[in-house]
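Novice: Below are the chains, spelled out letter by letter.
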Amino acid sequence: RKEVEQDPGPFNVPEGATVAFNCTYSNSASQSFFWYRQDCRKEPKLLMSVYSSGNEDGRFTAQLNRASQYISLLIRDSKLSDSATYLCVVNKRGGYSTLTFGKGTMLLVSP
Amino acid sequence: GAGVSQSPSNKVTEKGKDVELRCDPISGHTALYWYRQRLGQGLEFLIYFQGNSAPDKSGLPSDRFSAERTGESVSTLTIQRTQQEDSAVYLCASSVTGFGYEQYFGPGTRLTVT
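Same order as they appear, the protein sequences are chains A and B.
Under the working numbering, the residue at position 44 of the first sequence is numbered 44, and the numbers go up by one with no gaps.
Under the working numbering, the residue at position 30 of the second sequence is numbered 30, and the numbers go up by one with no gaps.
Check before you lean on any hint, since a few could be wrong.
As the list claims (entries may be wrong) - For each label pair, taking beta carbons as the anchor points, the in silico distance ranges come out as: (1) Thr114/B <-> Glu15/A: 19 to 27 Å; (2) Glu20/B <-> Ser52/A: 15 to 23 Å; (3) Leu108/A <-> Ala2/B: 14 to 22 Å; (4) Arg81/B <-> Asp77/A: 50 to 58 Å; (5) Glu14/B <-> Gln69/A: 43 to 51 Å; (6) Gly16/A <-> Thr78/B: 46 to 54 Å; (7) Thr114/B <-> Pro14/A: 37 to 45 Å.
Just so you know, these hints were derived from the structure itself, not from any lab.
Note that the Cβ used here is the ideal one computed from N, Cα and C, for glycine as well.
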């Protein structure tokens, strides 16, 4: 199993749609989880951290399922500006460690 | 506040030449990372510095790649005898510490080896 695995997509959705991405991770000791977004030919930018209890930031909701070792990102009321690649990020080992980035899921929102 | 900065933003070099890429992390961030991203590919971890600890060099693809960091400030990534397969965007990131904290990325250096 890869350390961090994502469906590469692309997910093609119309404006206003709700879309969800999942990401699975292999290390059960992982403790830090994030979603980043990366626009074409730009650097990745932190979208949100993922907390055990789940968290919401406007139209974005992140969930963590430790038992099944996956995290999810839900985007409601998609905007054209949401078109980007969404990277799932997990710390490589518990505690003192670097982050491992998934290869990303591409989202294309059309008018 | 100032984010992570990198220079140059673009670098075109001939095969066989050495290049040096620079990264200025966010002030106060003790952890610094270098990544490589080839066109259409994911991030490839290269090297990680945490304070004054020995760097984690496990991602460096060959001995032509090296990096230095002075204290908790600027870092340079050096690629010797560049090859065409080294063409990529080299991204630097910093974080408060290396204990799984979120990383903040610079805009990258786009390296083209001709």
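Novice: Taking the numbered hints from earlier one at a time, note which ones the structure violates and give those numbers from smallest to largest.
Specialist: 1, 2 and 3
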